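Asks: Note that the protein sequences, when read in sequence, are chains A and B.
The numbering of the first sequence is our numbering, which starts it at -14 and goes up by one.
The numbering of the second sequence is our numbering, which starts it at 2 and goes up by one.
These are computed hints drawn from the structure, not numbers from a lab.
Note that this is a predicted model, so its numbers are computed, not measured.
What you were told as hints is all true, and nothing was included just to trick you.
Below, in silico cross-link-like pairs of lysine to aspartate or glutamate (DMTMM-like), each with a Cα-Cα straight-line distance of 20 Å or less:
| # | chain 1 | residue 1 | chain 2 | residue 2 |
| --- | --- | --- | --- | --- |
| 1 | A | K180 | B | E70 |
| 2 | B | K80 | A | E486 |
| 3 | B | K141 | A | E292 |
| 4 | A | K294 | B | E136 |
| 5 | A | K534 | A | D431 |
| 6 | A | K294 | B | E135 |
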Amino acid sequence: MNRIESSKELEALVSKLRAESKDRFISISSGTCGRARGSTKVVEAFKEAAKGKIDIKVTGCHGFCQAEPNVIIFPEGIFYQHLKPEDAKEIVEKTVLKGEIIDRLLYKDEVTGERYVYQKDIPFYKKQMRILLGDNPFIDPTRIEDYLARGGYLSLAKALKMSPEEIIETIKASGLRGRGGAGFPTGRKWELARKQKSDIKYIICNADEGDPGAYMDRSLLEGNPHSVIEGMIIGAYAIGANEGWIYVRNEYPLAVEHVTIAIEQAREAGLLGENILGSGFSFDIKIARGAGAFVCGEETALMLSIEGKRGTPRQRPPYPVEKGLFGKPTVINNVETWANVPKIIDKGAEWFSKIGTKTSKGTKIFALVGKVRNTGLIEVPMGITLREIIFDIGGGIPGGKKFKAVQTGGPSGGCIPSELLDLPVDYESLTQAGSIMGSGGMIVMDESTCMVDVAKYFLTFLQDESCGKCLPCRKGIQKMLEIITDITEGKGKEEDLETLEELANVVKDTSLCGLGQTAPNPVLSTLRYFRDEYLAHIRDKKCPAGVCKALIKYTIDPDKCTGCSACKKVCPQEAIVGEAKQPHSIIQDKCIKCGMCYDVCKYDAVVIT
Amino acid sequence: MPRIRIDGIDFEAPEGWTILDAAKFLGIEIPTFCYHEGLSAWGGCRLCVVEIGEGKNTKLVTACTYPVEEGLVVRTATKRVIRARKVLIELLLASCPTSKKIQDLAAKYGVERTRFKPDWEDCVYCGLCVRICEEQMMAKAIGFVNRGGKLKITTPFDKTSEICRRCGGCIYICPACQLRCEGPEPPSVVCGRCYNALQPTCIDYYEDYQCYMGLKGECGTCIREEPRKKGG
Chain A
-14 MNRIESSKEL EALVSKLRAE SKDRFISISS GTCGRARGST KVVEAFKEAA KGKIDIKVTG
46 CHGFCQAEPN VIIFPEGIFY QHLKPEDAKE IVEKTVLKGE IIDRLLYKDE VTGERYVYQK
106 DIPFYKKQMR ILLGDNPFID PTRIEDYLAR GGYLSLAKAL KMSPEEIIET IKASGLRGRG
166 GAGFPTGRKW ELARKQKSDI KYIICNADEG DPGAYMDRSL LEGNPHSVIE GMIIGAYAIG
226 ANEGWIYVRN EYPLAVEHVT IAIEQAREAG LLGENILGSG FSFDIKIARG AGAFVCGEET
286 ALMLSIEGKR GTPRQRPPYP VEKGLFGKPT VINNVETWAN VPKIIDKGAE WFSKIGTKTS
346 KGTKIFALVG KVRNTGLIEV PMGITLREII FDIGGGIPGG KKFKAVQTGG PSGGCIPSEL
406 LDLPVDYESL TQAGSIMGSG GMIVMDESTC MVDVAKYFLT FLQDESCGKC LPCRKGIQKM
466 LEIITDITEG KGKEEDLETL EELANVVKDT SLCGLGQTAP NPVLSTLRYF RDEYLAHIRD
526 KKCPAGVCKA LIKYTIDPDK CTGCSACKKV CPQEAIVGEA KQPHSIIQDK CIKCGMCYDV
586 CKYDAVVIT
Chain B
2 MPRIRIDGID FEAPEGWTIL DAAKFLGIEI PTFCYHEGLS AWGGCRLCVV EIGEGKNTKL
62 VTACTYPVEE GLVVRTATKR VIRARKVLIE LLLASCPTSK KIQDLAAKYG VERTRFKPDW
122 EDCVYCGLCV RICEEQMMAK AIGFVNRGGK LKITTPFDKT SEICRRCGGC IYICPACQLR
182 CEGPEPPSVV CGRCYNALQP TCIDYYEDYQ CYMGLKGECG TCIREEPRKK GG
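Sequences are here, hints too, so could you generate the full structure?
Replies: Shown next, in the form of structure tokens:
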């Protein structure tokens, strides 16, 4: 692409690309999740089948992970799911050429049995507000032209005509808060950085997303990297920075690839580098790849990691806006925050501040996972209730089971029980309920989940990921885990709960960084809402959900057992005995409680007690 | 110079001082463990936490790393601080009961037990040795390796270091191996005998201020907070 020299040239190019872009094409979701479910082969098949008939666009994630691999056929917006390479030919021949709908490939509501033809009608999408993710199906992330055709970089052109102070005022007025979790007002952060006097200032995009089960930032970087880059350029102009970094974890190879290509293309087009759009402002972005430490998502640790040092958090103040990367004023924001910036500049602060609640504005992307029918990446306005997210968008709990809790905010978040399902999702409400907004992980749990086991799982994760610098986080998490492990093994005492609570509060109070300060949340929130379950483990030596191995026993109900021997065959310990067609039984001493017999029995004869 | 209020004392602290510097200047005692005057502040043991702020909006920060700033209100011995310190000492005790420095802290702060399983570790990861090696011996021969439960302090790749001059600075400064306490024997981890024999100071607090009137119970102006009477 030729270098764009001025805003006028950019506007002309955007109109030209807009006019040239076809509204008839097949958009194939092929982010990491799609590829994991075989979208690469589907793409190949479509390329073959669609030759000369219709354009295809290989895009980032469409959000509906449960339905991967999926395609959307534009302009109608016909949505086909769970595709195999064989389906490509049929889709092109029937739907594209003849306009017929292929029923079996449509999304079907499991409860009502209703089939949906168009993407916009599917309940999963209906309640969403896809401001940031909505562009994904239209953009091939490896082509800057696609982003430009959607009006990309026009916000930058607009911003460069404003004064930096005006931009900061706009962001402040919009009410945008950091999407990384803590929710610090973005405009205020920029203003503080703007006021700093320094020869060099830095901009950082934090894409070190490490929460188990969360992938919001990955999808944005994979599917629409230019929106993040555009946001960063605007931010850099506003605070007066000339150098930027994207810190992305190396476990996201596709995100690294796409963002690298995007930066090169932006540079070629003159949107990064010297004298951007003839404004005299220069800015460039480098990529730093993280080596997989969860704690490096903490801003001070992240900056040390870029500097090539050991990634351990340090005391704030001084805050990064005063002394950040290489000791210079630095603004560090999350991927999603940056992606919001061009939208706000484009549509105005007032438009943005109308979305959401009094204190939390705009939309938020969540990775809705766990025991829920429609898993996927959702974008919803702030203030939506958990019930709407889980039951309307998520489609409820599969397998006729009951909802038990939802865990928000990743390993450092808390578990919210069913009594609080009508809680509006915003920064303050979640904090009050003992959880956090976090970067947007949302794990749904049903009645077969043991809450003590959940707390144990997250503590195990955090124990390994604590950097080890400060005592309460390193030792405190270790000791909390020891106490909880004892409880799950039936060795707990009632006074342990008091110790656990006191220790958790001290860890929360005295830890150095966000990791330690929020690490006790899973423990404290489960103790607060599910104390009964802890007590059942301690007093009755029972795990009500039937999860904690030391407290459960597998037995065979002789009335139900038909003697089919299916369980006997799968048992790795040869712990099941019995003649064919006679009721079997389990030798308890040999049983390792792997649950294979339970899974394989068709007659529900294996029972957990 | 920033004006701060520390335990009720108004004080103009020189720019660049930390809360700990100011407290020391005023003779207010704040316990430290990973802090050393000759080394950079680390903020790892969190023992020097103090409560800053007023009203509902207060938080705990480490005195050794927190810089003084205009209008800062510090209280060094609130209930929240004392409770946190006691639990932190319990954690230290459980990590390394054979450190005399830790046993002394326990004795001084009235920690008579630890509710956690003792690990009998040799290292408490205070980072003093790493800092003395880098900052005073200009060697940088040792550093932290790994994270979480696998954390350790060693030379690069566990190989004998060519940079290390065997100066022994790391051993000199180590709170765990320099002075060993042979008192505790499993399963008990608390010793505290020699500190108690020397000077059991009073560590009670009253209205957020610590008492420095001398030995336990001897000052006569008992500062122990009265338990609130029912209905009163």
